[in-house]
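Trainee: Fit chains R and F to the supplied structure of chain B, relying on the hints for placement.
First to last, the sequence lines map onto chains B, R and F. Quick note, the first sequence lines up with residues -8 to 332 if you use this note's numbering. Quick note, the second sequence lines up with residues -19 to 406 if you use this note's numbering. Quick note, the third sequence lines up with residues 198 to 373 if you use this note's numbering.
Check the hints yourself; a few may be wrong.
Here are the simulated lysine-lysine pairs, DSSO-like style, with alpha carbons at most 30 Å apart [unchecked claim]:
#1 B:Lys194 / B:Lys135
#2 F:Lys290 / B:Lys135
#3 F:Lys290 / B:Lys53
#4 R:Lys368 / B:Lys135
#5 R:Lys75 / R:Lys143
#6 B:Lys135 / R:Lys143
Residues of chain R clear of chain B, computed beta-carbon distances all greater than 12 Å [stated by the list, open to error]:
#7 Thr(-10)
#8 Gln(-1)
#9 Arg93
#10 Asp137
#11 Val173
#12 Thr176
#13 Leu178
#14 Glu293
#15 Leu294
#16 Arg376
#17 Lys386
#18 Glu404
Residues from chain B that face chain F, not an exhaustive set, calculated with beta carbons under 10 Å [what the hints assert, rightly or not]:
#19 Phe44
#20 Glu46
#21 Thr49
#22 Ser51
#23 Ala312
In short, the hints are calculated from the structure, not lab data. For clarity, every value in this text was computed on a predicted model and none was experimentally measured. In this text, a Cβ means the ideal position worked out from N, Cα and C, and glycines have one as well.
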Amino acid sequence: MTVGSVPRTIPESVRSADPTKGRMSTWTHKHLLSLEALSANEITFVLDTAVGFKEVSTRSVKKVPALRGRVVVNAFFEDSTRTRMSFSLAAQRLSADVIDFSGSGSSVSKGETLIDTARNIEAMGIDVMVVRHSAAGAAMTLAKHLQCSIVNAGDGAHEHPTQGLLDLYTIRERFGRIEGLKVAIVGDIGNSRVARSNLWGLKKLGAEVIFVGPPTLVPRTFEQLGATVVHDFDSIIGQVDVINMLRVQNERMKSAQFPTVREFTQLFGLTGERFARCKKGVFVMHPGPMNRGVEIQSDIADGASSGILKQVENGLAVRMAVLYLVSQRAKEPQMNADERR
Amino acid sequence: MASLLIQNGTLLDPSQNLQQKADLLIENGKIVKIGTGLKADQTIDATGRYVTPGLIDVHVHFREPGDEEEETLASGAAAAVAGGFTTVCVMPNTKPAIDNAAQIEFVLRESERLGLCNVLPTGCITKGREGCELAEMADMHQWGAVAFTDDGAGVNDVSVMRKAFQYIKMFDGLVMQHCEEHQLAGGAMHAGVVSTSLGLPGLPAEAEQLMIARDVLLNRTIGCRYHVQHISTAFSVELIRRAKEDGLPVTAEVAPHHLLLTDEDCRGYDTNFKMNPPLRTAADVSACIAGVVDGTIDLLATDHAPHRAEEKELEFARAPNGIIGLEGAIALYAEALVTPGHIGWLKLIDLMSTQPAKLIRSDRGTLKPGSIADVTIIDPDAPWTIDKHQFRSKSRNCPFHGRSVKGRPTHTIVSGRVVWALGETI
Amino acid sequence: MQTHYDANAFAALLGTLADRIVAIVPMASPFNVVGIRTRGEVLADRLIPLLRQRGAHDIGHGTLDITLYRDDLSELGPRAIVRPTELNFEIDKRPLILIDDVLFTGRTVRAAMDALADFGRPSAVRLAIFVDRGGRELPIQPDAAALTLDLPLDQQVKVKVAERDGEDAIDVVSRT
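Bound-form chain B, shown alone (with noise of 0.2 Å):
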């Protein structure tokens, strides 16, 4: 029996870092909002880490103690069962205590402002709030009004900062980079939390972003914003290296963003006749629940070109790395780590 193999891709840097050489060893936010104010080193600190939580993941006793003590609550307001249960499971595999919270059925439904319900939740006693909310901003809004620390897990349109970095994680897993690397996100951009965390990060990290859409889901704004923008998803089929398709929803076609699902599949929809043009090689990505069928056929969302397993399994490392890192109160060392045995 093997115990405790290693994930295959563990980069370089990561294997003969020496945290004393110059490589950045602190992080410092008390929250992750977004990845547009994060800097390029400091997401790839933030992958760097999940590689070690990634392995955590691979024992036989999945769990290590580095938050024992330490109160995590999940406060999401706007339904998720997927990333709820993918930071729950994070943060008990920390040892944390873990409170699940939901927003419909509460006293959010009696009138609470959001701001009143978090501080009743901040005043048992917790140190970091995982928030879902249907607004964007917040996240940002319950950070200033809050102690503790508040992990984005998806503010309106805005973003989605762990599932940017779980598809980070994924891409640089698969490719060994993401310099220069050209990814498509494909559908409903422009209600898309996930593509503008996306965005932000594959630009810092230096890949090139393609939105692909109808123009009345993907505006021409973003391109103000570094993506470049397509209408014509078979232009640039061939010439992409990721394809991350976006779930299409039957909402947009009752505010007339589209007339059809039937229209946009044929369109946009990564069927196995657009497969057949793509890159060899091509990695097809999908931040779920899947329409089968309709945004990405089926055998090619099961198939050996599929990522999509791999960034579920992603989201845990990358969410055990997020709760990890924003949970350190920051002091001054009188010793550096390394001195204290």
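Mentor: Leaving out everything else, chains R and F in the frame of chain B:
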């Protein structure tokens, strides 16, 4: 009443094209003389200060009846005089809305009872501001409504608006329109790069422009007096410019925040930067300033909009629109227009007093002897810091808190009585 | 007191440590060697050939990162980088030699033993230390130590290895 002499100040009165150092004598509530060597029972020394006709803000929201925790006619009037205003026009989007003569009369009676500034009522164009049936505007006009507006929203139904123009023209009334095409509404901020970046739904500039264009076209053959409230986009200014060139009876106002702030200020999701119309781009700000300079925009108005703290503390997309603006208005207008050299103080007073008086056909807005003595004394150079906790308003939703500014009123005089003086409790 | 040990002294001490390990773990049977990151890992790499020379033939070799097991997490200022632990061998029922460069308060070793507990159950854990500088805060003692010093708290030991620092050396310096 004792007579009052304002001495040693510089008189600024655009209505008489007057800019000179002189004394102003007030007796029995009226301005009797401009000159030197005059005497009175009481004196105010206005050395180094401007003596101007009382400032008039044609666009404020005092939340009475209905939301008295946010503002009352009393607290609003106190805020107004502390800002140097002698007359304000309150918007009718109260709860219930002011759409009948009894409520018009209520406002006027309260105004008189308070004895601070003149609080003049506007009435709704449609019953209950619902946009369907015309309100009793002729009756309200008779009882003293100075204009008609469904402010908070525009009148969306084209056929209703057309009939409103025809009806209001009947008694030569004034329409004030909040221009916003409601089918493009729903945005939390200006639709542009910043809204895309922040993931907030955007309100496109066209929403404002569409209604201006619509109303100008509707009104072309009717000729009702028409005033565009809180203008905010460059092309809106251009539309007004063209309408005026065509000789149409169009006027426009602009608020201080649309001359000083942009949508970039919304980064950080601070709801003190959320209002309707939203903060636009730097190019729009420049165009509005240019519109003020060339006369396309006729006057300045704050759109003072109080809100409870708990409401403004909501998530950006859910928070109500609006900021307060009466206290600090002079300093902010001066910062946007005078300090950079776009206009001088005489023109500023024209924008804040003479033109507003002309719009609502008030007999104030002038220092002509014989006029009722509504006077504001302003120290243009006084440096101070805007502190919202010192405001007379009940609300605190102000994005300029902590800002170092220059220029403030020192005395506000209404009908010959000093109703407010800096540093004194009256 | 000697404050500098050069490369020759270093090599001699390493040989001493290997001899002392041989005295406590039978070389004829399988056993595992685990270095504690960062320099313990390097020392483990160096020791394994020395142990082979002394008769060992079936040596499992791994590296332990104890960052997540430290008990003074909240006291740490800059957070050390978390890196993976690599233990690619049969851990149960075999002796495991834990190797680190410096033993001071004992907290690192305590954390290492906590970490190992999550991986399995060695038949015995033996602690092999390059420099024991004294100043224990926990009841932990090495089973084999190459160099034993008794330093006051205002002094510290710096172990340098060629793979990381360009030279092999041990220095006793004042804490600045």
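Trainee: Hints first: check each against the structure and report whether it holds.
Mentor: How the hints compare with the structure:
no., hint, result
1, B:Lys194 / B:Lys135, "holds (27 Å)"
2, F:Lys290 / B:Lys135, "violated (54 Å)"
3, F:Lys290 / B:Lys53, "holds (21 Å)"
4, R:Lys368 / B:Lys135, "holds (20 Å)"
5, R:Lys75 / R:Lys143, "holds (25 Å)"
6, B:Lys135 / R:Lys143, "violated (50 Å)"
7, Thr(-10), "holds (45 Å)"
8, Gln(-1), "holds (46 Å)"
9, Arg93, "holds (36 Å)"
10, Asp137, "holds (21 Å)"
11, Val173, "violated (5 Å)"
12, Thr176, "violated (4 Å)"
13, Leu178, "violated (6 Å)"
14, Glu293, "violated (6 Å)"
15, Leu294, "violated (6 Å)"
16, Arg376, "holds (16 Å)"
17, Lys386, "holds (30 Å)"
18, Glu404, "holds (37 Å)"
19, Phe44, "holds (7 Å)"
20, Glu46, "holds (4 Å)"
21, Thr49, "holds (9 Å)"
22, Ser51, "holds (7 Å)"
23, Ala312, "holds (7 Å)"
In the structure shown, a violation is registered for the earlier hints numbered 2, 6, 11, 12, 13, 14 and 15, in ascending order.
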